[in-house]
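Build out the structure end to end from the sequences listed, making use of the hints.
If you want the building blocks of each chain, they are given just below.
Protein chains: 2
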Amino acid sequence: MTDFSKTKDMFHLPEGMIYLDGNSLGPLPKTAAARIARTVTDEWGEMVITGWNRAEWMAQPSTMGDRIGRLIGAAPGHVVVGDTLSIKVYQALASAIDLVPDRKVILTDSGNFPSDIYMAEGLIKSLSRGHELRVVAPEDVAAHIDDDLAVLMLTQVDYRTGRMHDMADLTQRAHSAGAIAMWDLAHSAGALEVDLAGCDADFAVGCTYKYLNAGPGAPAFIYVSPRHAATVRPALSGWLGHEAPFAFDLDYRPGAGIERMRVGTPPVLQLAALDAALTIWDEVDMSALRQQSIALTEQFIVGVEAACPDLELASPRDPEQRGSQVSFRFAQGYAAMQACIARGVVGDFRAPDIMRFGFTPLFIDEGDVDAAVAIIAEVMQKRLWDEPAYQRKARVT
Amino acid sequence: MTDFSKTKDMFHLPEGMIYLDGNSLGPLPKTAAARIARTVTDEWGEMVITGWNRAEWMAQPSTMGDRIGRLIGAAPGHVVVGDTLSIKVYQALASAIDLVPDRKVILTDSGNFPSDIYMAEGLIKSLSRGHELRVVAPEDVAAHIDDDLAVLMLTQVDYRTGRMHDMADLTQRAHSAGAIAMWDLAHSAGALEVDLAGCDADFAVGCTYKYLNAGPGAPAFIYVSPRHAATVRPALSGWLGHEAPFAFDLDYRPGAGIERMRVGTPPVLQLAALDAALTIWDEVDMSALRQQSIALTEQFIVGVEAACPDLELASPRDPEQRGSQVSFRFAQGYAAMQACIARGVVGDFRAPDIMRFGFTPLFIDEGDVDAAVAIIAEVMQKRLWDEPAYQRKARVT
Chain A
1 MTDFSKTKDM FHLPEGMIYL DGNSLGPLPK TAAARIARTV TDEWGEMVIT GWNRAEWMAQ
61 PSTMGDRIGR LIGAAPGHVV VGDTLSIKVY QALASAIDLV PDRKVILTDS GNFPSDIYMA
121 EGLIKSLSRG HELRVVAPED VAAHIDDDLA VLMLTQVDYR TGRMHDMADL TQRAHSAGAI
181 AMWDLAHSAG ALEVDLAGCD ADFAVGCTYK YLNAGPGAPA FIYVSPRHAA TVRPALSGWL
241 GHEAPFAFDL DYRPGAGIER MRVGTPPVLQ LAALDAALTI WDEVDMSALR QQSIALTEQF
301 IVGVEAACPD LELASPRDPE QRGSQVSFRF AQGYAAMQAC IARGVVGDFR APDIMRFGFT
361 PLFIDEGDVD AAVAIIAEVM QKRLWDEPAY QRKARVT
Chain B
1 MTDFSKTKDM FHLPEGMIYL DGNSLGPLPK TAAARIARTV TDEWGEMVIT GWNRAEWMAQ
61 PSTMGDRIGR LIGAAPGHVV VGDTLSIKVY QALASAIDLV PDRKVILTDS GNFPSDIYMA
121 EGLIKSLSRG HELRVVAPED VAAHIDDDLA VLMLTQVDYR TGRMHDMADL TQRAHSAGAI
181 AMWDLAHSAG ALEVDLAGCD ADFAVGCTYK YLNAGPGAPA FIYVSPRHAA TVRPALSGWL
241 GHEAPFAFDL DYRPGAGIER MRVGTPPVLQ LAALDAALTI WDEVDMSALR QQSIALTEQF
301 IVGVEAACPD LELASPRDPE QRGSQVSFRF AQGYAAMQAC IARGVVGDFR APDIMRFGFT
361 PLFIDEGDVD AAVAIIAEVM QKRLWDEPAY QRKARVT
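Residue numbers (this note's numbering), protein chains in the order written: chain A, 1 to 397; chain B, 1 to 397.
Among the clues, some could well be false.
[Claimed, not checked] Taking lysine to any residue and the SDA-like style, the derived pairs with C-alpha atoms no more than 25 Å apart in a straight line are:
1) B/Lys104 - B/Glu121
2) B/Lys125 - A/Pro101
3) B/Lys104 - A/Gly130
4) A/Lys30 - B/Glu56
5) A/Lys30 - B/Met47
6) B/Lys125 - A/Leu99
7) A/Lys125 - B/Ser128
8) A/Lys125 - B/Glu243
If you are wondering where the hints come from, they were derived from the structure by calculation, not from laboratory data.
Put into structure tokens, the structure is as follows:
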């Protein structure tokens, strides 16, 4: 059983800040600075080029992929780290489309993260083969799975509302219709229990800078089902996905299994941060994490709803249908969030009217939730969003 | 005039090592450790999510792109940093192909880096529109430029031999034939004078971990000519290339100019290292660098040829046709390089028989060249490559 009072002590949290934005960018693990400094000074500095072997830089995308795999229900050898999430979405979707050459419909929902949709649009335009990206409301996805479907492409947890799709059910429906199921775990990995193998998902992608706490610009990951890993075509066929990168052959031959989903040179400094973050995750029981996440989000919803009648819950009330965040709609949400941030409660705002709060049991506890609720209540009850200082236009949040 | 004795002091070079592999991975700038630590501790640690604005993480791909632009003949606003070089090759080629929809031939040479060729193969297979990747010998490129050509896709300096293409001439030939010219500057940026605007190149890509010294896994960059930047379609249409990423619209609208070539979240820790590296480059006169590079490579060739008759020069003898590296062919090259490395002269080996040495005036001087020549001469004259310890199979070099 994970002791979350101990994990909280493993993070540097700014003085006076209740950080409810770990679903956007996780905070700094205390060991990360030294871990990164070791890579910079002892490895890059002293080993230079030989670090690729001696410090095992080249192996890290796979070894760290396996450690992420444990958190998302993937057996070792089926996850590899690299690139950004947008690139991994493109890579997975391109491979998925290849598996169903006679079908043209890619189904997603309007709660998917825009970049996933944009990458799909770009791929479809490049292919010029008549594919259609069908974007439906989240609750209508199941009804749109039919025998035309090529790929079901969803983000499991809606970035705005925290609404969670039933991965097992929708994957099974997609398979019954002869389609491929591809999941974005951006708001799932490290947020809840994921069982990719148990759900028989075909592809999954995710990022490591949110719940996994690997820092700004941390790399993404990709999972390919064992059913496809040895045969799938990597559309982004980079040299490090080659069977023998250092043979420098002129012809591409895909590497074994998931290795073929590597593309270019791994981001070694970002991987050092990921290593530090995963060292915490290696000891976490995901079932205990999920229970604690639900306890915190329930506590928060009950507290805010009691104190702030103007805030309308945008997340599902049923915790089984909710990820590890809670969102409220409020027309003055941007300014209200600025007022909260000024008082030390850091959530974020998503246009047009969503105030979003992430609950991350590794470093947020019941006392934080109580304190956050009290500050949000003060902001709402005193109408602090009316103050001109909080009204400026959103830039990056 | 750049004082190269001063720049040498700006790098950490391992004790007893003559590092002739800066063309593969540049060494650690002395300020990098503190610069990265600042980003980790003061920015990620203290600002967390607000670092995207307060520490200007979001702006860095453009501001650092401009600083690289100065080194390669690009005006501000035409270079952006991100992803790996392989991804940037794919991105540039996909956009280039779009500009010449009625043509099907992509011409490259067998001296191009394999990953560029692999990425092109992968893109062509995805497109399934009958494109052909024509791979010719480097010296035959000009003769193969004809009215069928869609895209001329070359790496300016051959990674094995250091042979340099005439960018101005070949770009002009491509344009005369109605084709697009795309250049990979992996072994050019920071190695020699590049004038993208003067050559009227259409696209260029490059990496920052070689001559630019930004560390293992440092990001790539992409240049798009002002003639195309405002109209080109970004095939990898990620959210940070959107006109308004934080509006979270469901439809993709490309950002202004080069901004549309951004894809996903910038690698902030790697960018901190790049910032440290560029702080050195900001003061370098590229003409002086090129003169010094030629002086060092000439000194090295004369020295090695005099002492090592078994080594066959694989690089052009004319410095005007050579990048900033010198390569020799030798059947026992792998073992001979291991023997050199064991004696502190670090170059690298490229299959099947290339011993490769990079000359980087920022931290390699005439004394280093003399010392390296003496050690290589000892290895060759004493046939040290025969020692079993040096005979093991190449892994990563």
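Results of checking the hints against the structure:
1. B/Lys104 - B/Glu121: This hinted pair holds, its Cα atoms lying about 13 Å apart.
2. B/Lys125 - A/Pro101: holds, 13 Å
3. B/Lys104 - A/Gly130: Holds, at roughly 20 Å.
4. A/Lys30 - B/Glu56: holds, 23 Å
5. A/Lys30 - B/Met47: Holds, because 15 Å separates the two Cα atoms, which is no more than 25 Å.
6. B/Lys125 - A/Leu99: Distance ~14 Å between lysine 125 of chain B and leucine 99 of chain A Cα, so the pair holds.
7. A/Lys125 - B/Ser128: holds, 13 Å
8. A/Lys125 - B/Glu243: holds, 18 Å
The structure shown violates none of the earlier numbered hints.
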